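Here the protein sequences line up with chains A and B, keeping their order.
In this text, residue positions in the first sequence follow our numbering: the first is 1, and each later residue adds one.
In this text, residue positions in the second sequence follow our numbering: the first is 1001, and each later residue adds one.
Errors might be hidden in some of the hints.
To be verified - Derived list of chain A stretches under chain B, where covered just means 3 residues or more per stretch with a C-beta under 8 angstroms from a C-beta of chain B:
#1 26-36
#2 61-67
Stated by the list, open to error - Computed cross-link-like contacts, EDC-like style, restricted to lysine to aspartate or glutamate with a CA-CA straight-line distance of at most 16 angstroms:
#3 A/377 with B/1049
#4 A/377 with B/1052
#5 A/377 with A/404
In case anyone wonders, no lab produced these hints; they're calculated from the structure.
A quick note: this is a predicted structure, and the numbers were derived from the prediction, not measured.
Glycine included, each C-beta is placed from N, C-alpha and C at the ideal position.
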Amino acid sequence: MTQPVPRVPSFLRRHEASSATDPHTLIGLACDANYWVRRQAVDNPATPRWVIELLVRAGSDAELRGRSTPDPDMSAFDLRRLVECGSWAQTLVADHPNTTDEILAALALSTDPAVRTAVARHGSTAPRTLGRLCCDTDEDVRRAAAVHPSCPEAITDLLAAAGADADLVSVGDPAARVDESDATQLASLGPWGVFLAARQPSCPPDIVAAASSHPDWRVRSALFDNPATPADLRERLVSAAVPEAGSIDVRSLARPDADPADLLALASHRDSGVRLSLARHVGLTPPIAEQLAMDRVGDIRRTVARRGVVEPGLLHRLTQAGSSPDLGRLTEPDPAMAADDLERLTLAGWWARQLAVRHPATPPDALARLLCDDDPKLREWAAVHENVPTDVVEAIHRAGGARDLQGVADPDPTMTPHELATVAELGPWAAWVVAWHPNATPAQRLERHRYSAELDG
Amino acid sequence: MHELTVATQIREGLEREFGSASSADDAAPMLLVDVVRIRVGALSGIVPEALEFAWPHATADSPLLSGASIQIEFVEVSVDCAACGTPTITPDLNRLRCPLCGSPDVRVDGGNELDIVSVDVREPHDPAPVDP
């Protein structure tokens, strides 16, 4: 089943929904993924009433705003009529209790991950469909399929044997190996199956070839993990994966015996695909793992946490501060966490600072540092923390820091050079703010360009 | 705060949508919102965690939305390459090129979204839905 991808901007679809007269067009707009488009369509008298009635019976409210109680007597025939109408209709159908396994199998091919996730949760989804969804490109879909009671055990066992973790989100055991027959079966299940198969030394050449030209970079990167991948293919994949490698040489990523110092440099590469591959690299060392454990990207943090190389003390501090043990998401922090440990987190990587800025016990000095973080979001969140030193916030505003701490705004022209120097000492971002103040010294003004160049890498 | 502004605009839009009877000026709202579902593309500039963080602050004093949760679906950037014809997901938002052939001649197919997908509402005397 192919689903029409909305290429027209939503404001134009909204306009069309209010002015169109063609019933076929309006059916699609009444089933649009965008709330406002549907609301215009439902008010358009030319919209066929039957489609609205079907949507309501499928579980929409009468105004097409959101969910309502579905009609328990709605037939599979009527549900099938909605499948081709649009994304919103598909979402409702995928949730309806009367939707058959045949319709669900068709919806499992939707380009919308929300629809596929609903299919993976539906009680009537057939084991065969669930097997394919276990190898979906989207991790939420895989996670939902993994816990479905009808999910075929043979498939989850095969995935586990190939290294998948229990919730099918990441690679749990990087050293897990399967034979050629299993690798072939994995690849037949879907993109994530191709990914897992391509990591195996037993992977047959045709699947290696398919993986090396797969449109999804995450699938291609699996070949770096495969010790049997030829050197020339590794080199080709590196150049294809990162057309502009920037100043850091990424070729070491393709070498199983790469120098740890070269790999460490890749831990700060701006391309998250490079960092994710590094997290799975056979030459991962504790210093690299430490840096990746605090990466911005959850999948990178999860992957490195599963390698068992992250220093236990750091792992403890991160979980105490409110990270899940797999470093993938936020959980409730330990309110009794020591201020010294929180202070250390504010000096560490992005995930550590993210946790520290949310923790209720983070001390004012640490928050003052976070007020000048390179990440604008962390600055904003530090500014609304209960313990934030309000005099420091005020000084930054007077120096010209915008109210949201994103950029510069009108400064206080009465600020003296001494006061400006005090603000500039708070951190690089504060020095950049001071650089735009009319009373800034020539030396302070140089920060305008230096800080921007530093952020650009 | 960028996301706070977005959250406030979502609130204002929905309050307009549901009429003045649900605005903060009225003691008893006619409707209550339980769930607001948002689709956010990677190119929208919205950080989903920041929007989740801002949502309760933006809606705390809204009779219509003060109990509403926000569910955010994140959409990666997908591009169609005019050079090699391959639709791909690209991880690098700063350089929108085809990750396969390196061509900059790409059309962004997904990732621009900042859409309200749906809003679940009920009347005040109806019971709140139970999370399955």
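Structure-based check of each hint:
1. 26-36: holds (count 4)
2. 61-67: Coverage by chain B holds for the stretch 61-67 of chain A (4 residues, Cβ < 8 angstroms).
3. A/377 with B/1049: holds, 10 angstroms
4. A/377 with B/1052: This hinted pair holds, its Cα atoms lying about 13 angstroms apart.
5. A/377 with A/404: OK: residue 377 of chain A and residue 404 of chain A at ~9 angstroms, within 16 angstroms.
Consistency with the previously given hints is maintained throughout, with no hint failing.
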